[in-house]
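Undergrad: Below, each chain spelled out in residue letters.
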Amino acid sequence: MTQKELYTQRLVKEANETMMSYQTRRHFIKESAMGLGSLALGALLGSSCGSKTTTAAASVFDPANPLASRSPQFAGKAKSVIYLHMAGAPSQLELFDYKPELAKLHGQDCPQSLLEGKRFAFIRGVPKMLGPQAAFKQHGHSGAWISENLPHLTTVADEVCFLKAVTTDQFNHAPAQLMMHTGSARLGRPSIGSWVTYGLGSDNQNLPGFVVLTSGGRFPDAGKSVWGSGFLPSVYQGVQCRSEGDPVLFVKDPKGMNRDLRKASIDAINEMNRIKYQEYKDPEINSRISQYEMAYRMQISVPEVMDISNEPDYIHEMYGTQPGKACFANNVLLARKLVEKGVRFVQLFDWGWDSHGTDANLAIDVGFINKCRSVDRACTALLLDLKQRGLLDETLVVWGGEFGRTPMMENREGKQNPFKGRDHHVEAFTIWMAGGGIKKGFSYGETDEIGYSAVSGKVEPFDIQATILNQLGFDHEQFTYQFQGRFFRLTDVHGRVINEVIG
Amino acid sequence: MKKLFSSRIVWIVAVLAVVVTVFTFSTRKQTVSFSADVKPILNKKCISCHGGVKKQGGFSLLFREEALGKTESGQPAIIPGDPDKSEMIKRLTVHDPEERMPYKEAPLSDEEIDILRRWVKQGAQWGEHWAYVPVKPVTVPKASTFFGLISNNNDWAKNEIDHFIAEKQEELELTHAEEADKKTLFRRVSLDLIGMPAKDEWLQQYLADKTGKGYEALVDSLLSSPHYGERWTSMWLDLARYADTKGYEADQARNIWKYRDWLIKAFNSDKPYNEFLIEQLAGDLLPDPTDAQYIATAFHRNSMTNDEGGTDNEEFRTAAVMDRVNTTWEVLMGTTFSCVQCHSHPYDPFTHDEYYKFLAYFNNSRDEDTQADYPLLRQFKGTDSSKLPELKNWLNHHASKEKADGLYSFLRTWQPAINSLQCDHYINGAQVSSWFAGLRNNGSCRLPDVHLDQKTRLLYRYTSGFDGGVWTIRLDSLTGAVLKKTVLKKTNGWEIAQIDLPVNKGVHDLYFTYSNPQLNGKENTGVLFDWFHFDEAFPGKGEPGYDSAYSAYWQLLRAPAETTPVMVESNSEQHRATHIFERGNWLVKGEEVEPGTPHILNPIPANAPNNRMGLAMWLTDKKNPLTARTMVNRLWEQLFGNGIAETLEDMGTQGISPTHRELLDWLAWTFMNEDGWSIKKTIKRMVLSATYRQASYADKDILEKDPFNRYLTRGPRVRLSAEQVRDQALVISGIMSPKMYGPSVMPYQPKGIWLSPWNGADWKQSDGEDQYRRGVYIYWKRTAPYPSMMTFDATGREVCSSRRIRTNTPLQALVTLNDEAYLEAARHFAVRMQKEGGAKVSDRIRLGYELATYQTISNEGLAVLEKLYETSLDTYKKDTAAACDMLENITADQRTAPEIAAMTVVASSILNMDELITKN
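Heads up: the protein sequence lines correspond to chains C and X, in order. Here my numbering is used: position 322 in the first sequence is 322, and no number is missing along the way. Here my numbering is used: position 624 in the second sequence is 1624, and no number is missing along the way.
Calculated directly from the structure, the hints in this document are not laboratory data. What you were told as hints is all true, and nothing was included just to trick you.
Straight-line distance between alpha carbons at most 27 Å, and here's what the computed DSSO-like set of lysine-lysine pairs gives: (1) X:Lys-1867 / C:Lys-255; (2) C:Lys-281 / X:Lys-1168; (3) X:Lys-1751 / X:Lys-1739; (4) X:Lys-1840 / C:Lys-263; (5) X:Lys-1489 / C:Lys-415.
Which chain C residues face chain X? A few, computed with CB under 8 Å, are given here: (6) Ala-174; (7) Leu-187; (8) Gly-223; (9) Ser-225; (10) Pro-233; (11) Val-235; (12) Leu-249; (13) Met-257; (14) Ala-264; (15) Ser-265; (16) Ile-275; (17) Glu-279; (18) Ser-287; (19) Tyr-292; (20) Met-294; (21) Ala-295.
Over the 12 Å line for every Cβ pair with chain C, so calculated as not near, a few chain X residues: (22) Lys-1182; (23) Trp-1202; (24) Lys-1387; (25) His-1397; (26) Gly-1480; (27) Glu-1569.
Glycine is no exception: its CB is placed at the ideal position from the N, C-alpha and C atoms.
I would like the entire structure built from these sequences, with the hints used as guidance.
TA: Structure follows, in structure tokens:
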């Protein structure tokens, strides 16, 4: 580059910066600490912990319209994500990771070599090995091993990419879920959905950009923090859509207030605000006017999109929905409707996968099978439905738990559990992805003969996060936010895009 | 007064232009300022490779000694006085792209290179960043006289603050605004000082005032209102990361509201800020600390505790200690310190080991991530509490001061105790749920490192479901000498018991075995231990009053008590050594460090002990450059919307520079010296200024010149905080409960917000007036905070947060439109309008508008709201059922229901106006 080109480049950059700082509204905090005095997302593209920062400006963040649609750092394959999290951690050994050798060891004492220096949540002393409690077959052209517990999913095996050697370093639910979704086992970091919404805004101004749906009767163990915005502005936290009460908190008009009256009252509020604007000339007033208009539209569009009763019968049949009930299948169908409407990140949590064997519901050969049945059809339908709508290529679907289960039978505090169960296990579990530019009918990573630990293609939650961001058009090392004096990123100082699974 | 562009000013501008030109010409010879000129270049262009994190080529620009030292080449890169021989300067201009710096980045501008050259030429001196230099007295700018031209700021200024503001405005050719009308000012200063609209009586007094002193009188009234303390406590709770739960998965309840009440009282009594901080940081280390001083230390017990099974308590204890370090720096000293836990600060002069030296101050408090949140201050009730002074008095007369204090503090805190979490080497036993030591029949475990000198009593807290258990304590091994054997009775829940020990010496590992032949099934746990306390004999045996003193002691030890987590320092027996954690990893321990503060800041005061108290003294020493600046900056931000230095959390070189540095220093100096650390006096100075009293109107011109109001060209206009939005609605509708203090309350919250696994806790809606308490009293659950507050940008309080971001979203509109809490306010507000507003609808609306905004409604506005009323009335007359629905629990007969319902729609709309959500 010649001196002159450099000079021109610098001039352009300065002009851009000036422009940005001009457009930027009030002191949206820390970003300006970078010296740009602006909120350009590009300005946030530093990397963590004092290493070099780049300033490839993307677009401007505006606190008055924080959900305005924004472009990613580069063109991503996926436009939106549906993340299906089975809270409690399903057993990979009864679903995808077929281990005939483990069957042979069934009932034998676990070798000391597998126990030395390890900590488990509940296993104490020497547990027995527990063979696979399901029959496996290979399916599709890819020959993927899938157990009889997921008969529907077997039909779409060729759409799916399995990551079979996922590991984590957290063996309790809450920290492991936080790790999976926020990149840290402690509370206080933004969830991946918040990062994505911060980066992309929302395509649909009448719906929240990041929606959370829960089923199974409980929230995930880590509570709302798994969809919290951490240190990002709270506007980026996941908005929980609920099947009981208001679909979004406070979205419903009060009893006795009909739509016409609501319209009239919002019109009046905005009229009063316009009068004030004439007096004060504060641009914030104008943005409040548009937020009230948007609230009114949300009141219509949220219940509309949350109402699945208008879907045709064959769709209900396909997903196995139970209209009127809070169930996973309904939520999966909703997820499809939401991404269709432009929602960027739909996060599902289904609670009840913690198959310790302490009671029948938590038994690997009883309750676990019921859980599988309750999700199998809907997950399969989701892939087929997205595909028939031409949305699968631009929607990344992720399915998995927060860790895996032990090849040993759990012996809580040293004694035999009443039912067959497996303890929490951090060294190997399976997560699958589909759509959004991920390889189809592919499997990456292997575990040892009994499924105890990863032997090849090992990936961590950070790698999965990096890959999801990559598919959306973000370089996880460059996508940062400054807080408490340092640049934070979702993947902290870790993470690698799993290029092997990208189509 | 807006017409500042008089010919006089044009003159000034012209003259200034000349001066600036002359100045520019002369800069070449000027001394380069390290802070102003050099450091920004280094930070921006050099330090990411040559700084705290990376030291490429062995060259770092963080400290002078490093920068002048030898690099990997064996030569120093900077030779003071000789830029031509300095490799650093040469490298800026060479052509070889592999050699030229910044590496693979655009070269520095000619101007930047020139600055660096001259800086090296002038000796490459390091200057200190302004925020790390102690505050010095500042001369208040005189009303400007420029070539005899006196600006009219003289008339405008009300106090010193205004001279600083005016000086900057003149420099930038900006103007200030006229004073806001009385009603606007009344609302503004009420919301700012007490967090809600003040009573009408004060408004009337202020409006009627003819003396010109009415505003100051109003400010004094507000400052002495009990609501003042509530409002400023709301702010402090974010800084203290206060919550009513412990966080993490289980997120169980924590009883710590007395700390919130302590804050309210401290603000209301205007406790000087230095004392305010000393008590919060080290109240437990004051001589004979009062209960209130203990409770103040709950400030740092608001860190999270992990109750989940299988977790490593030491990991989470360490996390809590680090959180205390980071919080202390960020909220009390406006410095981001957390990056130093992994490496030296990338931009500011703090080294990696200094983080751990500082951490050492906090590393010896007794808390250990126990489930009970020990140590707890135990406050007795009724007759128990009246026994306390008598016993204390007896102890003081029958034991040494040290011993009496020890017994007393054990009574109050159950400290020092060895938590059963310290047990290890379990056989047929386990640490149960990472909370307690549990032993089965013939089970055993070890309690390491017990100091037995003079210890003839062992007190322990335990529970057992079975009679007949035998507990044997051996010295140093499972087969060692038996120290004591005792029978453990079946208990009714947790009990404290005591056994006598034979005299022993030295430090020993104790081995516990438990046997109980009655235990059927080898898998049953026979006993759980909570803690152990080894003590000397109770004093005064054989002396008068011994029996009753001993029995009072024993009774109080086990008496039911209200508890609050507090700080208690470890004694020498339980002292923890502090190590540097390599790259911040708590498992990789580096060299041991002693408590100490960063070298760049003020020295530790001569009389300061080497513990948390010493730290508190250092932090509140007038020479500490950060403490006062941080606080006045925060107060300014609360009143004006932005800090003088916008980044409240970071006044370091990466923070945004203050817009008015002299003013910041003047305020800090005055705060410490003239006002004796009085927060009320400082606030009063700020709100009495003409700067504060300005009207907040803007026009196109001013929006272009000062879009973010950084130069205070007009009054502040910002959205209210979550608490203010709530409190205001309660006050306007007349339903706010003035009740102060006590356990946190649970007002209306939609169902299904709390659904934590493994936790039976439930949101139980409060009864009666507790539903209408101020926001500061609302129960704060970390994993599921009160939703409408969160929508208005409150924070989760997992960690401290220096300031809230003000967003503007449709979800906020939905809260104030549809949340039952706001609807209820609207209904009561409507009834109030009906009752107090006379017979005419227009008068009622007029009154409602005035009650809410203090302003008279314009004809245009009145027409809008009247129309809304008519539309609503039509609807409700046709559908009285809907009217009744709208009114819910307000009793109204069918006949009047449509009218009240229609007025409720109007009332709700008023509560939703921008004017209400915003401070004008």
